[in-house]
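Make the full structure from the sequences, and use the hints.
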Amino acid sequence: MTIETTTAGVLALIAIMALVTLVTRFGGVFAMSFVRISPRIESFINTMASSVLIAIVVPMAFSGDAGAVAALSVTAVTMLALRKPLPAIGAGIAAAGLVRYLF
Amino acid sequence: MSVASYAYQIQPHKVRQEFFRLFPISLFVVAFGAAFGLAATQQGLLPLEAMLMSTTVFAGASQFAATDMWGTEVSVLPLIAVVFAINSRHLLMGASLYPMLKDVAPLKRYGLLLLLTDANWAVSAQEYQNGRRNLEVILGGGLVLWLAWLVGTWLGVYFGGLLQDPKSLGLDMVLGCFLLAMALGGKKSPRVLVAWGVAALASLAAWKWLPPHTHVVAGALAGGLIGYFWLDQPQAAAQEGEQA
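Residue numbers (this note's numbering), protein chains in the order written: chain A, 1 to 103; chain B, 1001 to 1244.
Keep in mind that the hints are not guaranteed to be accurate.
What the hints assert, rightly or not - Only pairs whose alpha carbons sit at most 20 Å apart, straight line, appear in this in silico EDC-like list of lysine to aspartate or glutamate:
hint: 1; chain 1: B; residue 1: Lys-1187; chain 2: A; residue 2: Glu-42
hint: 2; chain 1: B; residue 1: Lys-1102; chain 2: A; residue 2: Asp-65
hint: 3; chain 1: B; residue 1: Lys-1188; chain 2: A; residue 2: Glu-42
hint: 4; chain 1: B; residue 1: Lys-1208; chain 2: A; residue 2: Glu-42
Quick caveat, the hints were computed from the structure, so don't treat them as lab data.
Written out as structure tokens, the structure is:
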């Protein structure tokens, strides 16, 4: 099934995208409202939460260039050393810019 | 049900505070939005169409992927599959906020979720790990990120990319660095570190061998399983007490 990108078609496509995205925003919370929160479930969702971040960032490092790797490693080291996000993010971005300028 | 049965009350002054707290990161979102606006018009979307998409979808990676599929006609099922796969992380992000969201009245709960996106969720989830309940950042932070995404798209469709080459300045890494800093600012027990290792391996395996865009969910669920089978000591004790 295809939709032509006429004005009405584009509006339909955007509506479909918005609806699908809305389902993802609402769906997890809606599903959880049927689950009894036991300590085990609580532990699952807490561990899952920080794993989401790792699962976004690690493939980003592996698929990225040297600049991406530099940005993420410098952010990690600075964050662990200073425990302040803003300097860590700033240093990471500067590292990416520097590595890309040099190589 | 009475209003009093929902324990979590959104504090307006905290919403304002969180709006300004995420203002710096939203400046970078403007740059991404401009990149999206430019890409969308290059793929043949009209300026108003691109802006309508940013307003209603508000999920950058999936919008870039969708415009890549744009032509004189668009296949609907592949579009749905790609948008769903990329945004399926929202399912897990929303679920992880449920312990807080269940204390908010349903209408407000789903209203907040309209603004759920990576950066404001990362702040809220990290604070929850550290024992603070902060849904105000979903609202206040979400608003500033959404506005930035709209302003960026608007600049992009009418004025093109703001910067000749945002990548050379490292700007493409802002969100990655932000999310990593949030992860590392959370609680780090041996259990969490093992979960991260498993999540990293699973996401890489999924990225290599599973269909595109499934790696975030695969990695996150694999990490979550560690939490399911390996409870923190106080939680383990509570679990036994419950079974007794």
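Verification of the hints:
1. Lys-1187/B x Glu-42/A: 15 Å, holds
2. Lys-1102/B x Asp-65/A: Violated, at about 42 Å.
3. Lys-1188/B x Glu-42/A: The hint holds at about 17 Å.
4. Lys-1208/B x Glu-42/A: 30 Å, violated
The structure fails hints 2 and 4 (numbered hints given earlier, in ascending order).
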